[in-house]
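K.L.:
Let the hints inform the model, and build the full structure from the sequences given.
Residue numbers (the UniProt record's numbering), protein chains in the order written: chain G, 1 to 301; chain E, 1 to 301.
Please keep in mind that the hints were generated in silico from the structure rather than gathered at the bench.
Treat the hints with caution; some may be incorrect.
[Said to hold, decoys possible] To spell it out: a stretch of chain E is covered by chain G in this simulated footprint if at least three of its residues, at any positions, have a beta carbon under 8 Å from a beta carbon of chain G; those stretches are:
id: 1; stretch: 9-21
id: 2; stretch: 183-192
id: 3; stretch: 216-223
id: 4; stretch: 249-262
None of the values given here were measured: they were computed from a predicted structure.
Even for Gly, the Cβ is constructed at its ideal location relative to N, Cα and C.
Protein chains: 2
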Amino acid sequence: MNLPDHVTIKEVGPRDGLQNEAKEIPTENKVTWINLLSETGLSSIEISSFVHPKWIPQLKDAAQVAASIERKPALTYAALVPNQKGLEAALTADVDEVAVFMSASETHNLKNINKTIDETFPVLQNVVQTAKREGKQVRGYVSTVFECPYDGKTSQDQVLRVSDRLLRMGIDELSMGDTLGTADPKQVDEALVYWKKHLSLENMAMHFHNTRGMALANIVVSMQHGITTFDASLGGLGGCPYADGASGNLATDDLVHMLHKMGIHTGIDEAALQKAADYMQRVLGKPLPSHGMQILNKERV
Amino acid sequence: MNLPDHVTIKEVGPRDGLQNEAKEIPTENKVTWINLLSETGLSSIEISSFVHPKWIPQLKDAAQVAASIERKPALTYAALVPNQKGLEAALTADVDEVAVFMSASETHNLKNINKTIDETFPVLQNVVQTAKREGKQVRGYVSTVFECPYDGKTSQDQVLRVSDRLLRMGIDELSMGDTLGTADPKQVDEALVYWKKHLSLENMAMHFHNTRGMALANIVVSMQHGITTFDASLGGLGGCPYADGASGNLATDDLVHMLHKMGIHTGIDEAALQKAADYMQRVLGKPLPSHGMQILNKERV
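P.N.:
Quick look at the structure:
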């Protein structure tokens with residue numbers, strides 16, 4: 001088995017997880033949580049999203065969160081930005097990295113950001129240019145790279161077109177999103193074989209959802225192709241607000257557990273991770289769905 | 001990716017699933033459930049266990065279940081037997097296949113069947129001989145092939161010793177059990193590379209538990225080595241009664257879903273499978289843990 005020695009995990013729970021919680025989490029709890037996450041050995045945390053509160057009211061306190069957390073110098077604190085206005089707020093909040101996003105499928109892009117794919121490019125181009133000029137790292141999320149809830153199976157040529165365009169704008173990393181969590185290991189294998197011919201996999205992260213339990217299998221296939229960066233959400237919090245049935249990001253704790261068991265380093269301390277997951281579980285007042293937290297909760301009964 | 005065209009799934013829910021349910025299921029519900037399972041296209045169902053009711057009271061109606069189900073000629077109806085007495089009951093009940101079992105680790109074997117490994121061999125030898133003479137198929141479960149809850153990591157030489165002995169007794173198939181659900185994909189890969197050198201993988205099934213969410217990843221690795229038979233429990237019912245924290249057999253519905261998505265045939269109808277899972281969910285009066293059933297239950301809210 002061709003496996004890496006080290007994998008980088010980007011924690012997206014405070015953004016991708018919390019944006020899907022019906023319950024509004026008080027800012028101070030978010031801050032405490034992110035501070036706990038900063039103690040785990042994670043190298044990157046996406047702390048919030050600077051989108052209009054009309055769209056994601058759960059994250060309306062992004063600026064306050066960014067201003068209140070204790071930042072560790074070695075850590076990258078990232079935030080999602082949809083446009084120039086969001087970028088300005090993110091720059092004011094002085095995050096280390098901004099993440100732009102669009103979809104590889106036309107209808108998901110339209111429903112998610114109210115623009116066609118071609119209308120989205122110039123908006124993101126401005127954001128990326130400004131962010132790079134301000135010395136920020138820039139990440140580009142490509143959603144629905146395997147399947148779209150509206151358009152069905154995504155054309156891989158369309159994925160390449162969007163990815164290539166984002167890379168040419170100057171983004172530092174692509175994050176390829178299995179937004180619905182429907183990708184199977186064979187599909188991931190075939191996509192990576194195809195992408196490899198046209199894109200460098202070096203700056204590519206994979207973002208899997210665990211809707212049908214296939215995320216860890218997809219991680220293993222991705223590692224065999226040389227992917228070493230994965231997004232995950234602690235405890236399995238969150239999903240996609242615009243995709244019905246797309247519940248459950250891949251859980252950071254389950255991913256770290258598997259990687260460590262396989263002898264792959266992440267730099268993350270599992271006990272500290274569990275402490276952070278346990279904290280958010282208490283704040284939410286409901287069990288988190290990761291296997292790790294299910295076992296912990298069961299042991300406590 | 002080296003993948004098979006067809007995979008055989010052996011349904012173990014009525015035995016491995018129900019033996020772990022605290023709630024006693026009425027015989028008629030078990031019979032209805034097995035009849036529903038017979039309509040799904042499954043080729044093999046383990047319907048119960050002829051062990052002493054002192055050990056597994058939930059399955060004390062094995063003979064009644066075997067006598068009451070409607071049997072389809074193309075289907076193999078199997079039952080677990082611990083010893084000669086259990087075998088006689090299974091022969092009287094006229095099941096098609098009997099399954100003997102033991103552990104690859106000494107302490108699990110001792111706690112599970114109250115004998116050392118060496119004391120177990122002659123008992124099983126008699127069972128296998130009699131069963132074969134009576135024209136039955138015989139399956140041999142080897143538990144704790146990766147890890148034992150008492151002895152830690154299992155020596156692969158011990159796994160080979162037990163497996164080889166069972167094969168020499170004349171069993172038709174080995175089922176290698178990740179009893180704790182702790183095996184990771186690298187470990188499965190390494191074990192299969194090693195086993196291949198000494199055993200034929202043709203008569204080998206893998207039996208994964210999904211305790212830490214790695215079962216489907218382990219299935220993919222196993223298929224890449226040529227394994228084409230897997231045990232699973234509909235809805236993710238069950239685990240190991242003698243292993244703390246070992247919750248959750250791999251769910252048949254999640255396995256079938258992944259295989260079909262990968263273009264691998266199973267002969268199983270997903271809608272019929274869901275109907276059977278839904279029935280047992282109603283009987284148990286609690287949600288089944290498979291991803292498939294979680295999604296179904298969510299859609300209904």
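K.L.:
Please name the hints from earlier in the document that this structure breaks, with their numbers sorted from lowest to highest.
P.N.:
When the structure is compared with the hints, only number 1 turns out to be violated.
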